[in-house]
Amino acid sequence: MPRLSHDQTAITAKHRIDKQIFALALPALGSLVAEPLFLLGDTVMVGHLGAANLAGLGVAATVVTTVVGLTVFITFAITPLVAHNLGAGRFRDAAAASVTGLWAASALGLLFGLLIWLFAEPIVAWFLPDAGVGSGVTSFDAALSYLQISCFGLPAMLICFALTGALRGYQDTRTPLYVSTLAAILNIGINWVLIYPLQLGIAGSALGTVIVQWLMVLTYLWFVAQRIRGTGARLTPRRDLLLKFGHSSGWLLLRTTGMRVVLVLSLAAITLKGDEATAAYQIGNTVVTVAAFALDALAIAAQALIAKNLGAADPVTVRLVTNRCMHWGWITGFVAAAIVLVVAWTCAPLFTSDASVQLLVALSLSIAALGQPFAAAAFTLDGILIGANDVKYMGIFATLNVLVYTPIVLFFYLTPDARAATAQLLWLLGTYNFWYMGLRVLPLWVRIRGTAWMRLPA
2 MPRLSHDQTA ITAKHRIDKQ IFALALPALG SLVAEPLFLL GDTVMVGHLG
52 AANLAGLGVA ATVVTTVVGL TVFITFAITP LVAHNLGAGR FRDAAAASVT
102 GLWAASALGL LFGLLIWLFA EPIVAWFLPD AGVGSGVTSF DAALSYLQIS
152 CFGLPAMLIC FALTGALRGY QDTRTPLYVS TLAAILNIGI NWVLIYPLQL
202 GIAGSALGTV IVQWLMVLTY LWFVAQRIRG TGARLTPRRD LLLKFGHSSG
252 WLLLRTTGMR VVLVLSLAAI TLKGDEATAA YQIGNTVVTV AAFALDALAI
302 AAQALIAKNL GAADPVTVRL VTNRCMHWGW ITGFVAAAIV LVVAWTCAPL
352 FTSDASVQLL VALSLSIAAL GQPFAAAAFT LDGILIGAND VKYMGIFATL
402 NVLVYTPIVL FFYLTPDARA ATAQLLWLLG TYNFWYMGLR VLPLWVRIRG
452 TAWMRLPA
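In our numbering, the protein residues as written are 2 to 459.
Please keep in mind that the hints were generated in silico from the structure rather than gathered at the bench.
Accuracy of the hints is not assured; some may be wrong.
Estimated spans, in silico, between C-beta atoms of each pair [stated by the list, open to error]:
| hint | residue 1 | residue 2 | range |
| --- | --- | --- | --- |
| 1 | Leu351 | Leu243 | 39 to 49 Å |
| 2 | Phe412 | Leu222 | 44 to 54 Å |
| 3 | Arg456 | Asn324 | 11 to 21 Å |
| 4 | Trp446 | His248 | 34 to 44 Å |
| 5 | Leu187 | Pro350 | 24 to 34 Å |
| 6 | Thr13 | Arg230 | 29 to 39 Å |
| 7 | Val336 | Leu236 | 35 to 45 Å |
| 8 | Ala453 | Leu199 | 54 to 64 Å |
Please read these numbers as outputs of a predicted model, since none were measured by experiment.
Glycine included, C-beta positions come from ideal geometry on N, C-alpha and C.
Working from the sequences, and respecting the hints, build out all of it.
Written as structure tokens, this is what we have:
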């Protein structure tokens, strides 16, 4: 009987943790899928403007998402900081962390927006050195137009990151779901009007997205204000929290920089294969981005729950959350693989009418589908260790992984054989999805098997 009682207790604990995980992960899944729909909607509509416009969107979107990807540490740094204070019962500090993150995000957004505006032309020229000459709209023209307009939305995106991170720290993923879903729907409608009836083309796509991004900022501000009201927190940044934020952000920036370097080098190599390969990569990358954000839903739940329970000094629950998140992470990865594989061979015509690009999209997505279980494991492990603020370990190994992977991408870049463009594209995608993702998973998996990453309050 005691054995049965112990087993029943363990099962009950698993069910309790699973319920908490899904209460956070399912709304996060919706919001994470909704956010990339900004780009997915752009891709579908711009794709019917021609290969040059789609290739231009691919370059510009990669630049924007590189900046956004580099600064996603804002969310990752704020979520555990808020959740840790929440778990420890320090509600004023949790509110102060939200305010401090908002100020930091605003400053970074203005800085990056200004820098990209000033250097937009040489940035595009680096990706498309031979695309600036030709009749009609070239991929260079399209990329430059989209990038310059998108600069005005960068501050809004970073502010949204900060406010979303604060809400996640408060164990609230429902509000981002509602805001992101409504914003995605509104974005599609506004962009359609600007692109087609008003005939603004790819510039209309960028402008519509910027408008919606700032509407999101106003909405998030209202919801976060309700959380911090009455806590006594100041509306100015706190020095001690800025230092904590800066420490975590530095290592997280190193981690995300490494991952973005891999993606940017990959795109630079693919652009040498022509507009068709670049367009196919853009479509495939957009679809996989949607899947990747969906896979990250468990990571969001892990961040919030790990940080909160560490703040409450409960290592037993921390370990249980870790095990359950990994369990569901592998399952989610295999489900995502099946979905991406179906999309690969049924939905390519939705993105482009070019038959050759459709085939490249199908082949590219097939490879990406097979790599989804590795991606799910990597994202879940990231969430666990970010929640524990074990960011130094992550930053070091992220850098080592890039050093191992980058020579492969450089070899691809230095062998511009257009006749083998399809084979080289598929080879590079396979290397990324299996070799690089494997490099990400292994050291993180080894880390969570121990206890050094569980830093409890003194």
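Take a look at whether the Cβ-Cβ distance between Val336 and Leu236 falls inside 35 to 45 Å. Holds, since Val336 and Leu236 (Cβ atoms, about 43 Å apart) stay within the stated range.
Range hint compliance [Cβ, Ala453 to Leu199, 54 to 64 Å]: 57 Å, holds
Evaluate the given range 44 to 54 Å for the C-beta pair formed by Phe412 and Leu222. 47 Å, holds
Does the Cβ-Cβ separation between Trp446 and His248 fall within 34 to 44 Å? Violated, since Trp446 and His248 (Cβ atoms, about 25 Å apart) do not stay within the stated range.
At the C-beta level, are Arg456 and Asn324 separated by a distance inside 11 to 21 Å? 19 Å, holds
Are Thr13 and Arg230 spaced within 29 to 39 Å by their CB atoms? 36 Å, holds
Distance restraint hint 39 to 49 Å, applied to the beta-carbon atoms of Leu351 and Leu243: 46 Å, holds
Given the hint of 24 to 34 Å, check if Leu187 and Pro350 actually sit that far apart at their C-beta atoms. 26 Å, holds
Violation of the numbered hints given earlier is confined to hint 4; every other hint is satisfied by the structure.
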